[in-house]
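Student: Given only the sequences and the hints, what does the whole structure look like? Please build it.
There are 2 protein chains.
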Amino acid sequence: MEVEVLEGIFDANEIIAAENRRLLDEHGVFMMNIMSSPGAGKTSVILAILEGISKEYSCAVIEGDIAGKVDSERIAETGVPAIQINTGGSCHLEAKQVNTALKRLKVDDLDVVIVENVGNLVCPAEFKLGEDLKVMILSVAEGHDKPHKYPLMFSESDILLVNKIDMIPLTDFDMAKLKETVTRMNPRVKIFEISCRTKEGVGEWIAFLKNVIAEKRKK
Amino acid sequence: MEVEVLEGIFDANEIIAAENRRLLDEHGVFMMNIMSSPGAGKTSVILAILEGISKEYSCAVIEGDIAGKVDSERIAETGVPAIQINTGGSCHLEAKQVNTALKRLKVDDLDVVIVENVGNLVCPAEFKLGEDLKVMILSVAEGHDKPHKYPLMFSESDILLVNKIDMIPLTDFDMAKLKETVTRMNPRVKIFEISCRTKEGVGEWIAFLKNVIAEKRKK
Chain R
-12 MEVEVLEGIF DANEIIAAEN RRLLDEHGVF MMNIMSSPGA GKTSVILAIL EGISKEYSCA
48 VIEGDIAGKV DSERIAETGV PAIQINTGGS CHLEAKQVNT ALKRLKVDDL DVVIVENVGN
108 LVCPAEFKLG EDLKVMILSV AEGHDKPHKY PLMFSESDIL LVNKIDMIPL TDFDMAKLKE
168 TVTRMNPRVK IFEISCRTKE GVGEWIAFLK NVIAEKRKK
Chain X
-12 MEVEVLEGIF DANEIIAAEN RRLLDEHGVF MMNIMSSPGA GKTSVILAIL EGISKEYSCA
48 VIEGDIAGKV DSERIAETGV PAIQINTGGS CHLEAKQVNT ALKRLKVDDL DVVIVENVGN
108 LVCPAEFKLG EDLKVMILSV AEGHDKPHKY PLMFSESDIL LVNKIDMIPL TDFDMAKLKE
168 TVTRMNPRVK IFEISCRTKE GVGEWIAFLK NVIAEKRKK
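First to last, the protein sequences are chains R and X.
Take the first sequence: its letter number 131 is residue 118 in the numbering used here, and every next letter is one higher.
Take the second sequence: its letter number 1 is residue -12 in the numbering used here, and every next letter is one higher.
Please note: incorrect hints may appear among the correct ones.
Identical copies go unnamed one by one, so any copy, or any two together, can satisfy a pair.
In silico lysine-lysine, DSS-like type, Cα no more than 25 angstroms apart, as pairs [to be verified]:
(1) Lys56 with Lys164
(2) Lys56 with Lys166
(3) Lys115 with Lys83
(4) Lys166 with Lys186
(5) Lys206 with Lys90
Simulated from the structure, these hints should not be mistaken for lab results.
Tutor: Here you go:
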C-alpha cells in the first residue's frame, strides 16, 4: 500500500496564511508583505507607495515591530489607517497576527493592505502571511554580497527594491554583480533601483505595482 | 517549606556559554561578540581590529553566517585563522557552535577571539556565547530610530559602534538623539563614532579595546 505524504498542510502558520488569502481574495483586496534589514527603508517605501496609489485605492497598513510605534505614527500622519502589531521579542510576523489585524481593519472597505514586517533579513522569509506579493528591500549601504548570506529572503521575494542608490558613490556597491547573483538564485524576481530620498526610480516601481494591483482587482 | 526557584540554570545555552567563558578565562583569552544588522560593517570592523591588534596579540575569528563563506575568506586573506560556522537557516549563533569552534582553534595558542554573529538585530542579543564583550554596530544608513524598535540589542551591548559616519550628510541621522535614547536604555554603554571607510574615529575605538584586552590578560 502506498503511503500518502502530507507536506506542509499541518503547519499552523500555512493554514492561517491560506485563510488570510481566501479572505482577501473574496473581497478583491491586494496584500503585499514588505521585508528588509533594519533601516533599509521599509517605511519610506510604504510612504512612497501610499503617495502613488492612495488616491486611487483605499489602503491600510499593518506595522510589525518588536516594540514601539514610531512607524505606524508616521503612516497615520498621512491619514491612512495603520495598525501596529508588537511581536514582543519575536523577530518576524506570523499569519495569525495579520489575521487579527485584517479582521480589525474590516477588509470589505479596503482595496490594498501593506504589511511592514519586522526588520530582519532571515526569519520573515520563512513565514507566509497570505500576501499576493513579497517585496524585499536591500539598502545600497548593506553591500552587494548579501544574497550569499541570506539566500532564502532573496529566493522567496517577488520584488527586490535596491534602495538608497544615491549613496552608491560613497560605497563599493556593484549593481551588476548584485543583479547577476540574485537572478541566478531567483530567475522570476523583478528588480527596481530606487532612492526614496531623491525619488529616482520610484515612478517605475509604482507604475509596475499599479499594474499588478489592477490585474488582481479585475478578477 | 520554601520553594527554591532556579532561574536560567537549566537553559542549555547558558550552561555552555559559561563553559566557554571558563575555557577562555583559564587560558587568558579575550573573546568579543560582534553583532549588527546585515551590512552594517561587522567584517570591516573586524578587519580594522585585526589591523590594530594582531601584531601584539595572537587572534582568531569565528564567522557566523546562515550560508556562504565570503567573510571568512576575507579574514583568511589577512593571515589570521578563521573558522566559518554555517547555521543553515538559524538567525543567530549559539554557545554550542562557538564551543566547537573554540576547541578546533586550540585556545592555548590564542590571546583574542573575535566572533562575527549572524547579521540580525534581534535574536543574537538573546544568546550568550561566553564573550567578555558584546559589541554592536549600527550603520548611519539604518537611522537613529532603531533603539526603539530593537531594544534588547541596544540594552545588552557593552559597546555601540556607530559606523559609516561619512554617510551622515546623505541622511537625516541625528547623532545626539541616538546617543540620548541609547544612554537612557543602557547607561553603561560606551559609544564610538567611526567610519571603517575613512578610518575616522577607528583609532579611539582600537585604543579603548586594547586597554580592555590588556586588563583581562593582566589577571
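Student: Each hint: holds or not?
Tutor: Consistency of the hints with the structure:
1. Lys56 with Lys164: between (36 angstroms within a copy, 17 angstroms between copies)
2. Lys56 with Lys166: between (34 angstroms within a copy, 20 angstroms between copies)
3. Lys115 with Lys83: Within one copy, since 10 angstroms is at most 25 angstroms while 30 angstroms is not.
4. Lys166 with Lys186: within (21 angstroms within a copy, 30 angstroms between copies)
5. Lys206 with Lys90: within (22 angstroms within a copy, 60 angstroms between copies)
Of the hints listed earlier, there is not a single one the structure fails to meet.
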